[in-house]
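Each chain, letter by letter, is given below.
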Amino acid sequence: MVLLFILLPLFEMVSQPSWNDLRETIADEEVRSAIFLSLTCSASAAAISFIFGTPMAYLLARTDFTGKKVVESMIDLPIMIPHPVIGIAILSLSGRNHWLGQFFQDIGIQLLGTKTGIITVLTFVALPFYINTAKAGFQAVPCRLEQVARSLGAGQSATFFRITVPLTWRHMITGFIMSMARAISEFGAVVIVAYHPMIAPVLMYERFTAYGLKYSQPVAVWLILICLVLFLLLRVVSSPIGKKN
Amino acid sequence: MIRINQLTYQFPNFTLGPIDLHIEQQEFFILLGPTGSGKTVILESIAGLQKPHSGDIFLFGKDVTRVAPENRQVGIVYQDQALFPHLTVQENIEFGLRYQKNKTKASKAVLAGIIDTLGLARHLKKSTTKLSGGEKQRVALARALAIQPQVLLLDEPLSAIDPCFRSDIQRLLRQLHETLPTTFLMVTHDFNEAFYLADTVGVISKGILEQTGTVEEVFQRPKNKAVGEFVGMQNIFTPQREGRSLYFAGLRIDAEKTSEGRNVGLRPEDITVGTTHSFPDGFMVGRGILQSMTLQGFGCEMTIDCEGSTFLVHGDKGNIRDKGLTIGEQIYLGFHPDAVHYF
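Residue numbers (this note's numbering), protein chains in the order written: chain A, 1 to 245; chain B, 1001 to 1343.
Don't take each hint at face value.
[Unchecked claim] Derived lysine-lysine pairs resembling DSS-like cross-links, with alpha carbons at most 30 Å apart: (1) A:Lys68 with B:Lys1051; (2) A:Lys214 with A:Lys115; (3) B:Lys1206 with B:Lys1062; (4) B:Lys1130 with B:Lys1108; (5) A:Lys69 with B:Lys1051; (6) B:Lys1101 with B:Lys1126.
[Claimed, not checked] A few chain A residues that don't get close to chain B, going by computed Cβ distances all over 10 Å: (7) Ser15; (8) Ser44; (9) Gln102; (10) Leu167; (11) Leu228; (12) Leu234; (13) Val237.
[To be verified] FRET-style restraints, in silico, Cβ to Cβ: (14) B:Asn1013 with A:Leu225: 53 to 61 Å; (15) B:Gln1010 with A:Ser238: 52 to 60 Å; (16) B:Lys1101 with A:Ser238: 33 to 41 Å; (17) A:Met80 with B:Val1110: 41 to 49 Å; (18) A:Leu225 with B:Ser1132: 12 to 20 Å; (19) A:Ser238 with B:Glu1178: 44 to 52 Å; (20) B:Val1110 with A:Pro55: 45 to 53 Å.
Everything labelled a hint here was simulated from the structure, so no lab data went into it.
Ideal placement from N, C-alpha and C gives every residue a C-beta, glycine not left out.
Please put together the full structure from these sequences, using the hints given.
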């Protein structure tokens, strides 16, 4: 029943466009660049989440401090709040009226209507997915392994890279996939910060409102297919080798 | 040597210390105590894995209280081995070698010797997940010893191993201690391990180090009831004065050896039983009622009531069966006066 609920609308949408519609759509330069922009911006957001989220995830997994629950709730906030609100919040920060927006503009960083703006918004929504998955991975590594490594002469960073990372990298890749997947699906926040350059969900929305369902469906189908192949590849790479043995 | 001064820890539901401890170089020191008494915390504080609330730790004259674990030259072996699951046996053993400053041919020879002594040569290429409990413990030992530590800390290394492998590891520990210039500090709750391995022992209970001394001192002259119980004196009585003499369980004891309010203790295995009053000369002999008999492997555990005091006695199963004892029957128990400990 659950599977039917998930798969039926998707199957309906995928089966609607004809092969000719799909071929014409992918031949369209605007569609190709929108999908490419979606993928690259989402990958960038996942990469930023990986770089900044890994130390945060490790800190949350390994230490107890006053206000930890508050910090964890704050990290989960982007999951809960309506996405247009995220867009509005980032927009208000990046405007000339705000000191931070003024500062960014002074150093040549423009968020409104740029790739930088899209990546900022996507990182905002993707970060909790990476942090929570990586944190679960770090928590699964017994502290004792790290303690023994330290007693054998390995410093903190050597212990992290020789013990913790090899035992957590699958969680990290899963977190990367989850955060990238979340970023690709984002529409509400992006449409406020950067309608142009157009990412795939915004293009779908535009085609739907301007031309109707028939013109937006093939774009959606291509995005789903490309994402499916991409995530399948990442899952295969991150699955344990020789598990059956 | 290891010197601990006034070490304390405050946990939400537990306070450790203040602990003062002195362990000589190349000594085999065993810290005995029940689960939750704070043994592992002491071990981890020496390794630098726990930051004490207060107090100092000196290793070979150097204050290491604030020295990072990687700079202490202290190896640690845990009960659960804590082997690195993504590395082979050889990679586990050699993990710490790259951080050692003095990598010489001699140290490689020492490592080869350790691998040989621990019988690991044929397992080197294996994954650690394919090993038995005893083999895993050998790998953990080899890994800790490979860095040629000044101090080897052993956290209940025998308790998670099958009984059939336990004596092997015990023998190995003894052999390693005799051949290596390393100070061994082991924590356990099994006083038989201490009997076999230790030069000196300490008994810790509820975060307090109750007594330290040679095995002989602690086992023969426990400082108090808590230590006495822990080192196997399951028959502890407080003698009562009757006239000019002191008595327990109807038996008169030498008043010069103890005083009123102090305790006497007897190990269950030091007591023999019989249906008649036939014991070797000089034995202290009491009369009581056999209350229970429980067979335990090759032995038998009995409880005997002697004038309101209950004795626990361990005997040989065959020997007990030959005597044809029955519950509720009147029997005699006897022991040599030297088996009575005063504390």
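Indices of hints not satisfied (ascending): 10, 15, 17, 18, 20
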